[in-house]
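Following the hints, complete the assembly by docking chain W onto the known chain R.
If you're matching them up, the sequences are chains R and W in order.
Just add 184 to the spot in the first sequence (first one is 1) and you have our numbering.
Just add 26 to the spot in the second sequence (first one is 1) and you have our numbering.
No false leads were mixed into what you were given.
No farther apart than 27 Å at their CA atoms in a straight line, the calculated lysine-lysine pairs in the DSSO-like style are these:
1. W/K241 to W/K203
2. W/K62 to R/K241
3. W/K172 to W/K50
4. W/K123 to W/K172
5. W/K213 to R/K241
6. W/K62 to W/K288
7. W/K32 to W/K160
8. W/K67 to W/K223
9. R/K216 to R/K241
10. R/K216 to R/K266
11. R/K241 to W/K227
12. W/K331 to W/K253
13. W/K227 to W/K288
14. W/K72 to W/K172
15. W/K160 to W/K203
16. W/K62 to R/K200
17. R/K241 to W/K245
18. R/K241 to W/K241
19. W/K203 to W/K253
20. R/K216 to W/K62
21. W/K253 to R/K241
22. W/K227 to W/K67
23. W/K50 to W/K62
24. W/K227 to W/K213
These are computed hints drawn from the structure, not numbers from a lab.
Predicted, not measured: the structure shown is a model, and the values here were computed from it.
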Amino acid sequence: MMKKKVKNMNVNNTIKEVIVDTIIGFDIESIKEDQVFSTAGIDSLDHMNLLLAIEEKFDIFIPEEEVEQCSSISGIASYIEK
Amino acid sequence: MNIGIKSIHTYCPEYFLDNFEQSKKWGVEKDFINNKIGSIKLSRMKECEDTTDIAQYAVENLFQSNDSLRSKIQCLIVVTQNPDNGGLPHSSAILHKKLELEKNCAVFDLSLGCSGYVQGLSIAKAFMESQGFKNGILVTADPYSKIIDANDRDTALLFGDAATATWLGENPLWSIKNCDFGIVSDKYEALQVSNSKLVMKGREVFNFAAFYVPKSIQKVLNDSGLKIEDIDMVLLHQGSRFIVETLARRLGTEGRTPFSSKNYGNTISSSIPMMLAELNLHTSRRILLSGFGVGLSWATCILEKIEK
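Chain R extracted, bound-state conformation:
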């Protein structure tokens, strides 16, 4: 699946909305945009679920070798905007 550039969109805020929708009870105010998810209480399975939701939201495919980059809000945003 080809990546689609997302233009004119506040990507970081959209990623935060996806986090809130995907990880029940997660306090989005508790995480900084460059903070690695695992240090904010988002475990490996939540991360997996989050990446799937991001793929669906932005109509992109995140290959296995990009998962490490996509381990923070800003990391995901960078990948989406590549």
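Chain W alone, transformed into the frame defined by chain R:
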């Protein structure tokens, strides 16, 4: 002729691994075991036992409640990918001997994993109806303890051993209705045995299930002229608590999609019949089953209770 499910009997070994204890070597927290894996214990057959032993215990539990059935069995099907003796002869042949069934009996294995029970129901029903068989047994027995690498965190915390025996025949309790099957075979490497040990790519299996299972369920509902609200219980393969709850959220069936493998783990093709045997389904009229995993394959069907 309408072949369906008459009763289901199970066998779960009495020895268990403590998942909290074994998770310490990876520094896995209790909350992760409780809330994500979901199974605090994993059932294990004895080292001296093999697949057909636990299968035999499940079928003998069935015969205990119906003594005259043994001589009436016309087909015996075993769902397993961990057969005795590497699969030659087929485990169902070994089991047939152990159970002392009649010679005039069709006996074969189905090499399927977590989708095996639902596929097995459909195959058994079609086969029995085409041959006019009145009594058959569908066995699930896939003890992953034979292939688990105890040092692999991705798999060692998930799987338990168990076996089930489903009596199929006329005048059933549950009628087997519409089914849907499929496979994404270009992802088969996501769940396979390599060097005699199970290897799993968790993200690929998760993405597969999250994407294809809801579509399969919707297709079965559409084919049946039903809506998800018409289903009393949605029984999903018990991969982990996380996958069951994630799928329930995606389907909008929270409260009707139980996770019930807390005390024995993911028992592969046995997970759905274990639920059918253990849950209180007296008030349920229509149940949806969906198994998914090895292949990566799925199988979904609807069961409808026949009012007596």
